[in-house]
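S.K.: Chains as they are written, first to last, in the working numbering: chain A, 1 to 275; chain B, 1001 to 1311.
If you're looking for bench data, these hints aren't it; they were derived computationally from the structure. Model, not experiment: these values are computed from the prediction. Hints may contain errors.
What the hints assert, rightly or not - With a straight-line Cα cutoff of 20 Å, these simulated SDA-like cross-link-like pairs (lysine to any residue) come out:
hint, chain 1, residue 1, chain 2, residue 2
1, B, Lys1107, A, Val105
2, B, Lys1112, A, Leu5
3, A, Lys14, B, Phe1137
4, B, Lys1071, A, Arg104
5, A, Lys206, A, Phe249
6, B, Lys1224, B, Ile1289
7, B, Lys1142, A, Gly92
8, B, Lys1056, A, Arg104
9, B, Lys1073, A, Ser103
10, A, Lys14, B, Lys1092
11, B, Lys1142, A, Asp90
12, A, Lys89, B, Val1134
13, B, Lys1265, B, Leu1227
14, B, Lys1075, A, Met1
15, B, Lys1092, A, Leu12
16, B, Lys1056, A, Ser165
17, B, Lys1110, A, Leu5
18, A, Lys206, A, Gly243
19, B, Lys1092, A, Asp18
20, B, Lys1142, B, Gln1085
21, B, Lys1142, B, Asn1096
22, B, Lys1073, A, Glu2
23, B, Lys1112, B, Glu1097
24, B, Lys1265, B, Val1255
25, B, Lys1092, A, Ala6
26, B, Lys1110, A, Pro101
27, B, Lys1009, B, Asp1068
28, B, Lys1183, B, Tyr1154
29, B, Lys1073, A, Val105
30, B, Lys1265, B, Asn1288
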Amino acid sequence: MEGILAIWQRDLTKFFRDRARLIGSFSMPILFLLIFGGGMSGSMETMMAGNMPEGTEGFNYVEFVFPGIVAMTLLMTSIFSAMSVIEDKDFGYMKEILVSPISRVSIAIGKMLGAATIATIQGIILFFLIPFLGLSYNIMALVQVIPFMFLLGCALSGLGLLFASIIRSTQGFQLTVQILVMPMIFLSGALFPVSNMPAWMDVVVKINPVTYGVDVMKKIMIDVENIPAPVLDAMGLNLTVLGQEVTMFAEVLFIAGFAAVLVLFATFSFQRANA
Amino acid sequence: MSNPIISVKDLTKTYKQTEAVKAINFEVEEGEIFGFLGPNGAGKSTTINMICTMLKPTSGSITINGYDVKKDKDKVRASIGIIFQENTLDEKLTANENLMLHCRFYKVPKDKRQERIREVLEIVDLVEVSKQRVETFSGGMKRRLEIARGLLHYPKVLFLDEPTVGLDPQTRSHLWEYILKLKKKEGITMFLTTHYLDEAEISDRVAIMDQGDIIAIDSPTALKDQLGGDMIELSTEDNDQALREIDEKVSGAEVSVEGDTIHLKVESSDAFISSFIKTLEIPITRLNIRKPTLNDVFLAFTGRKIGDAKE
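Pulled out of the complex, with its shape left as it was, chain A reads as follows (with noise of 0.2 Å):
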């Protein structure tokens, strides 16, 4: 537990002491937010309102959008914050971790708590952009979201340690990262509704884990009971699996097993690591 704990706050307090990489990290999701919500809003509500009958309410895209962007900062910072592992290896200090008696399993669990509470704290953060954006969320609501960020944050987190395993360069791991984020977002329903996709590409946005991560956000932060069916339907917030409606039950297990996972190949890598 204590070793847990040390390798934890290693990461943060090192987070918070690297001053470009604090405001570069604050300031891509601003970015996003500026050009998604702001820029695209317009377009994409004469575009989804097309879908609707006449008469129902609008669709609010930045209402849409804002949980989504707060996923995307989650899955960002969290598989770039797994990077720690290849540069603690890079400047020596993981053969101090690998041979202190500390557990394999309390450093894979460590690394990824790190991430993840790394990732959560940019998510939050971002929560004080919303009066700017002309939006208003049940406080509730914004309360609820924080752990389940935080379970996001983690099973991605464990993925950025699967990758931070396999790769073995600062260099390669942001290539293959980019490659892979890039696909992660546009297909998981966080910048736009994926309710109509090929049948192909649906399939990979259901096994994409980030789909069931930014569904979730999406139903505790907007009030989905209120919103009329063929708006909920244009939001995509009806997510089905196999011809299944998903529970958000499901939803919050299937993250947690991913994390669970994750964890254990962390874990085995550390056993055989030889650093």
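Starting from the known structure of chain A, arrange chain B on it as the hints suggest.
M.R.: Same frame as chain A, but now just chain B:
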């Protein structure tokens, strides 16, 4: 051996093609400084990595402090401290933070942490800079901090893998002062590898490793005595002529040539040298008489100097 703290039996490491370590056996006694010497690629690092639980042996057994390296990894890890060849500090953190993390990794009791950190910082004279980030430290300070860190959890054995590599001579000799101080004060067993053979002289015993095998193991004095006699090094105005003369007129000396220096190994230089100088007609330009060093021991055992890398 009365009380071995490290005991290595038939330790072997085989990679696909090569046998890096060939069934070696040795023991290290509690409280001694054990020097581990050998040219690059001799299998030193492989051996140390296996002893430190960082590399899985192909076969054989290692026991440290009574724990089996294969079965009781965590207990072995808790019993040893390691100063690696390369820097393994977190340079973005302060000296204090680095030490505190180490305490937590090794489960040093909470109420003892501050006291121990203070204690090890005093040993290596870094108390004043303990709140500075490690990136602002000089090479020698970083090394000292690593030694301090290696001591925090009171290890039974401290491994020092090339501790002075890349440091200037002054810092090197300072560092040895710290290490010897430590040995006196704490009585810690030290397992040491170094390229600088003069530094290995402080060892109580040395093992010489070559091509995956341990070819000699004894105290530095015993090893040098084994060679026996004195070493005479000389240069002359015409070495070829000198060698011919030595061949004709001089007996009782082993002759070898390296570069423009002729080496003579003799039983006793006192009896030999005066008649030798009179005998030689070629003018001598340089003459040096010395006792054999570990370098000579190394040369005699391996046929080459330690600096000659043989991968």
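S.K.: Please go over all the hints and tell whether each is borne out by the structure.
M.R.: Verification of the hints:
{"no.": "1", "hint": "B:Lys1107 x A:Val105", "result": "16 Å, holds"}
{"no.": "2", "hint": "B:Lys1112 x A:Leu5", "result": "18 Å, holds"}
{"no.": "3", "hint": "A:Lys14 x B:Phe1137", "result": "18 Å, holds"}
{"no.": "4", "hint": "B:Lys1071 x A:Arg104", "result": "15 Å, holds"}
{"no.": "5", "hint": "A:Lys206 x A:Phe249", "result": "16 Å, holds"}
{"no.": "6", "hint": "B:Lys1224 x B:Ile1289", "result": "15 Å, holds"}
{"no.": "7", "hint": "B:Lys1142 x A:Gly92", "result": "13 Å, holds"}
{"no.": "8", "hint": "B:Lys1056 x A:Arg104", "result": "16 Å, holds"}
{"no.": "9", "hint": "B:Lys1073 x A:Ser103", "result": "10 Å, holds"}
{"no.": "10", "hint": "A:Lys14 x B:Lys1092", "result": "7 Å, holds"}
{"no.": "11", "hint": "B:Lys1142 x A:Asp90", "result": "17 Å, holds"}
{"no.": "12", "hint": "A:Lys89 x B:Val1134", "result": "18 Å, holds"}
{"no.": "13", "hint": "B:Lys1265 x B:Leu1227", "result": "9 Å, holds"}
{"no.": "14", "hint": "B:Lys1075 x A:Met1", "result": "17 Å, holds"}
{"no.": "15", "hint": "B:Lys1092 x A:Leu12", "result": "12 Å, holds"}
{"no.": "16", "hint": "B:Lys1056 x A:Ser165", "result": "19 Å, holds"}
{"no.": "17", "hint": "B:Lys1110 x A:Leu5", "result": "14 Å, holds"}
{"no.": "18", "hint": "A:Lys206 x A:Gly243", "result": "12 Å, holds"}
{"no.": "19", "hint": "B:Lys1092 x A:Asp18", "result": "9 Å, holds"}
{"no.": "20", "hint": "B:Lys1142 x B:Gln1085", "result": "12 Å, holds"}
{"no.": "21", "hint": "B:Lys1142 x B:Asn1096", "result": "12 Å, holds"}
{"no.": "22", "hint": "B:Lys1073 x A:Glu2", "result": "19 Å, holds"}
{"no.": "23", "hint": "B:Lys1112 x B:Glu1097", "result": "15 Å, holds"}
{"no.": "24", "hint": "B:Lys1265 x B:Val1255", "result": "7 Å, holds"}
{"no.": "25", "hint": "B:Lys1092 x A:Ala6", "result": "15 Å, holds"}
{"no.": "26", "hint": "B:Lys1110 x A:Pro101", "result": "17 Å, holds"}
{"no.": "27", "hint": "B:Lys1009 x B:Asp1068", "result": "11 Å, holds"}
{"no.": "28", "hint": "B:Lys1183 x B:Tyr1154", "result": "12 Å, holds"}
{"no.": "29", "hint": "B:Lys1073 x A:Val105", "result": "14 Å, holds"}
{"no.": "30", "hint": "B:Lys1265 x B:Asn1288", "result": "12 Å, holds"}
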